[in-house]
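Q: The residues making up each chain are set out below.
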Amino acid sequence: MIVCVAVVGHQNNPLYIQSFTEADDALKLHHIVHCSLDVVDERVNNPKRSGPTLNETFLGLLYPTENYKVYGYLTNTKVKFILVTTDLDVRDADVRNFFRRFHSAYVDAVSNPFHVPGKKITSRTFAERVSGIVKSFGLSSAG
Amino acid sequence: MEEYPEELRTPPVALVAVVGCPELHTAISTHLHSEQPPINTLALPDFSKISIIAKRHKEGSDSGQFNGILKRDWLSKHRTMVPAVVAALFSSDHVSGDPAQWLQVCTDLENLKAVIKGRNIKLVLALVAQSTSKDDISEDRMIALRKRAEVDSKYLIAFDLNNPLELKQSLNRLGNAFSELANTYYRDEGRRIKTRLDRKSLSSVELSIRYCFKVAVYAEFRRDWVEALRMYEDAYKTLREMIGTSTRLPPIQRLVEIKTVAEQLHFKISTLLLHGGKVVEAITWFHQHNASYKRLLGEPEVNFLHWEWLSRQFLVFGELLETSAASIQNTSSPVLVATDRVSEWELSSAYYYQLAAQYLKEKRSCLELTLSMSETVTDIDSNAESVAPSVYVGQFARLLEQGDTYVMQPLTDEEYVRYALAEGKRFQDFFEIMALLKRSFESYTNFNAQRMASYCGFEMAREYFAVNDYTNAKEIFYSIASTYRKEGWVNLLWEVLGYLRECSKNLGKMKDFVEYSLEMAALPVSSVAGIQSLGFKECGPAGPATGAQREIIHTEVFELVRGETGLASNKGSNNFKVTSDQPVRLDIDLVSPLRVVLLASVAFHEQIVKPGVSTSITLSLLSQLPHSVDIDQLDIQFNQSACNFTVVNGQRPKSDEISDGMMGQRVETAPVLVLSTNKWLRITYDIKSEQSGKLECISVIARLGPYFTISCMVESPAALNDLPLWKFEDRMETFPIKDPGLAFSAQKAIQVEEPDPQVDVKLGTSGPALVGENFAVPVTISAMAHSVYSGELKINLVDTRGGGLLSPTEVVDPASADSLHVELRGISGLQCEDESQSGIEKIRKIQHAFGLISVPFLKEGDSWSCNLEIRWHRPKPIMLYVSLGYSPHSDDQSTQKVHVHKSLEIEGKTAVVFSHNYMLPFRQDPLLLSKLKAGLNSDQMPSLPLNETSVLIVTTKNSAEVPLQLLSMFIEAEDDSDSGNSITVRQSDPLETSLLVPGEGFKKVFAVTPEVNTPTLKMGTVCLRWRRDGDSTSSDSEVVTKYRLGDIKVESPPLVVKLDCPPHAVLGNPFTYFVRIQNRTHLLQEIKFLLADSQSFVLSGSHNDRVFILPRSEHILSYKVVPLASGSQLLPRVTVTSVRYSAGFQPSVASSSIFVFPSEPHFEMTDAGVRPESITAK
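Protein chains in written order, with the UniProt record's numbering: chain A, 1 to 143; chain B, 1 to 1178.
Simulated from the structure, these hints should not be mistaken for lab results. Predicted model only: the values in this text are computed from it and were never measured. All C-beta atoms in this analysis are idealised placements derived from N, C-alpha and C, irrespective of residue type, glycine included. Where hints are given, some of them may not hold.
Unchecked claim - Restraint ranges, calculated between C-beta atoms of paired labels, are given here: (1) A:E66 - B:K154: 52 to 60 Å; (2) A:S136 - B:A548: 33 to 41 Å; (3) A:A93 - B:D188: 53 to 61 Å; (4) B:G276 - A:S136: 44 to 52 Å; (5) B:L296 - A:M1: 20 to 28 Å; (6) B:E3 - A:A93: 40 to 48 Å; (7) A:M1 - B:A548: 28 to 36 Å.
As the list claims (entries may be wrong) - With a straight-line Cα cutoff of 16 Å, these simulated EDC-like cross-link-like pairs (lysine to aspartate or glutamate) come out: (8) A:K135 - A:E22; (9) B:K113 - B:E150; (10) B:K610 - B:E753; (11) B:K294 - A:E66; (12) A:K119 - B:D730; (13) A:K119 - B:E733.
Make the full structure from the sequences, and use the hints.
A: So, in structure tokens, the structure goes:
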């Protein structure tokens, strides 16, 4: 189950962060997302380590904490998408698919003429779309 | 890792024993220890001690009842007590000695054999030859000994103590034998156990695990790491299967035992993997280990044991990883890289320490919970002391004293829980957690992983906070707050600030408390609906990050700073209050996080202003606090303190405290001074400055209550930075000034101009300057309404056509004046009305295009003047800039100088223009061959005949607009001509001063006789001395203008034709007309001539002929001519042609004209006074 998704701007500032847990661990998730930016930095600054996939937007597993898995995605404009999930056995294809849909939702949200680039995303539509994507995560593979 | 026993942490080392001959033991053990691989030695001084290594009888092992999995002391026993090989050392004396000694040897050997038989220990014999031995041991005895010991001959080693070299060899042989036999021993033992294992008829799982472990240890003894790893893994897997099945022990203790054994096995496996460089495999293994045991929490009352165990797994693995990473780096193996399975942080020990700390915290909270729930707290202590670890790994038992011996009695789970709780209470988890977090923090900082480090710091600070160590907590929270602030993680920042605020409160730091409270109140938390508000239960002292909480904090802090409430501190019971004794003053600079609380921007509406003229200034204030804030008073401060002023809130009653200390300052009253959220408060006032220079607004001090001030550094609207944190928010952004033009350009500083000068500088001029003369430009300074103190006059010459360079850039020698086009020569005519001051030392600095002179003190109404002397070397227009800087007051030097600038364009013109030409003597024409060749080309050098006197005419023309007086003109020979070249120039007397009006020319004639035959002869330079008409006759104003004459060519003519006739003729009177043709060559010259008739004359003589002229001789054609008409008439024209040179000659019209008088004229001749003077130019 996805517990948190986040959009992080190119100055590493949060643009959108939403957790989907019943339990009150949102602060902990904030910390996890924030810490995973270190890994993103590390991968971006040392592209050799991440292998031949230099132009790949999908960063893969960033940060296996004990209870969560954190995946990352980096757009061309250096906007990062972070996904925190409690599923310990996640298929790469599912994560990629999720990020692809999340990215297009983000693109639609920032293409809004009333959105100022670099500011937090406050669109309600975007939030609804993201929760839809989150809910359908992993379903396609299961069904 | 340190809590593991030594034998587990280090790889096992083979053990051998030596018996007898104790004097050799040190040498042997030292040698064996330095072997590769090393061997440990158990030294037994004599044979009576061999019972140590004897196999003891086990009591319960064969009964089929297994009380545990691994025996606690088995490994250490095999490392320190049970040797693989025993070496029996016999003195050779004893062997070869009398039968009693021999018998003793045999008995000892039999005893030893009996002891080692049970353990399959291998035997080595050594014969030590003592120094006193008389002869060798007999062969028979040797064989007998060997037979008796049943050893191979190569395991019988002789030592000769006398010979060090042989001793060394013997030691080597002994070492080889030991390692060989030890290997065999451990292999055999391993095989023996393994066959038992393979039989599959084992009665219990425990035994299977134990055998696997033993086989692995034996494999390690002989350094077979692969086998060891495999067996350890087998043991581990079997153990894992045992969890659900075993019923041997009560459930709690059973789980504890299994976990402890699993920990040991896992430790061995990880160590082996990491030493083998298989880091990724080790990490994967660790994951599996973790995954399989993590959920085995056990009974709730002892689940703290589980967390402790888990924490230890992480700590130990982290330590292992750290040590192996250090050894890997030392051996420069390929760098570890992250793979798909393992991410970057899993390779670093920091990750494991962090998690170890996390689990330790979990343990602590569980322990606390259990302790609080257990009612038998007092019982725990009373029962605990007699419980001790039992003989099996991971088991505990009660020690019961029975007389002299202790008896182990198994525990019930209840007893065990009490024991574990008592043990748990003894530990100080706080220090352990802090140590782990600190290690993790440092490690992350080294990796430059700041966010991870911040998180660890956050955890550390929280620990400190939990134990009321506010000073340390505050320090760490402070350092990590900046990270979150920088990246705009508002919710995390809110949490940290909440802790900081609480720390400040508990430490009694009023100012910090106010700062953090204000910052929190101004944070953009959940101000937007789209971002989820955090409603977590475990939120810190700040409370949930919501807008409502911000408002609460805002209200709280403003009640505090207005002195209405106090601050309850934990330090003592006294309330802190903001009073007149403890006022609070906050400073907000350009990088302060408190800019969100108060942002001040000041804009001057103009950029430049005259002193004393008022201009508008707009002060704009912005706050993001959730409620509006009433400001009592604003102090606006400038760098010119005279301009400071105060704005008072008109709605507030003036209190005495506020009006204090601003006597004499300007006070304005504003009708309303309320700061609303995210809305600029703009107030505009007039301001004027009397002092020239920069007027800059520095700070705005806002008073909010009697004892609370915020000093805010102001910013220019044009250079206004984004508000930190709020810049990411979707909020309404407005400009500090309504006028959009000003909003983008206005500055917080204004330039106040210097006062208008009251001194006049005049530049006089007298028309254009002439090249060569010292042109004087008079400068007059007249002080009108200002006195001039410490005046300085700067002079600058600039090329009008741009470039500005008066001297050509390619000048090699800048000192030579000729290379400069225009030059400032000096200042003359310095005069001062007050003569006594003329002696003051003056600054005078003159360069080619720049000058600096000091101006003496001038009273109002005085004037002072000087002349600038400028000399032109080329005709060129220039701009002359003169600027006077002075201060109008004598008292202070710091006041700004007043400047007056003047400029003047002056044109430099050429005064005189020269031209010259050469003429041959009248009626004498030498044949110049170069003229023939050149034809009509006129640009050739003029040619002059050798040794003939020619005429040079130099013409000068006044091209200036003023009349000039010519003083003299002469030709100066050039010095650098060769000594052979010489020319005679006859010059007339220095001419009388003659006036040359503009446009008029002046000619002078020189007679020139070349004396050397040369293709180029330098003629020298014409020097003309002149001055402006009307100037004084002093030599200062005299100018010498030079004109260089072009080079000439000197030729010796082969033929010269001279016409010879009288100067005039009289009608009817005959005269003779000669044409002399001189041949100056030493060749015979053929000459043709032709005479044309003229109507005005009758003549006799040959018309037409061809003659030959001998070398160096002259042929004369003579004609008798009678004029028939009067007036100027042309003589009959003769044409001479030289055949050799194909050159024809016809006299010019001028030279063949003659004036014929009608009758004999009468002349009165006077002396013209021309006396030729000769100079010889060398």
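Q: None of the hints should be skipped; say for each whether it holds.
A: So, going through the hints one by one against the coordinates:
One distance hint, 52 to 60 Å for the beta-carbon pair A:E66 and B:K154, holds here, with the actual separation near 58 Å. A:S136 and B:A548 have their C-beta atoms about 35 Å apart, which keeps the hinted 33 to 41 Å range intact. Roughly 54 Å separates the CB atoms of A:A93 and B:D188, a value that falls within the hinted 53 to 61 Å. For B:G276 and A:S136, the Cβ-Cβ distance of about 45 Å falls inside the hinted range of 44 to 52 Å, so the restraint holds.
Checked against the hint of 20 to 28 Å, the pair B:L296 and A:M1 passes, with Cβ atoms roughly 24 Å apart. In this structure the hint that B:E3 and A:A93 lie 40 to 48 Å apart at CB holds, the actual value being about 45 Å. For A:M1 and B:A548, the Cβ-Cβ distance of about 30 Å falls inside the hinted range of 28 to 36 Å, so the restraint holds. Between A:K135 and A:E22, the direct Cα distance comes to roughly 14 Å. Compliance with the 16 Å bound is thereby established for this hinted pair.
For the given pair, B:K113 sits about 9 Å from B:E150 by alpha-carbon distance, which is consistent with the 16 Å threshold. Note on B:K610 and B:E753: the hinted pairing holds, with a Cα-Cα distance of about 5 Å set against a maximum of 16 Å. Taken as a hint, the B:K294 and A:E66 pair is honoured in the structure, with Cα atoms around 10 Å apart against an allowance of 16 Å. Pair hint A:K119 plus B:D730 holds up; C-alpha atoms about 6 Å apart against a cutoff of 16 Å.
For the hint pairing A:K119 with B:E733, the CA-to-CA distance comes to about 12 Å; that is within 16 Å, so the pair holds.
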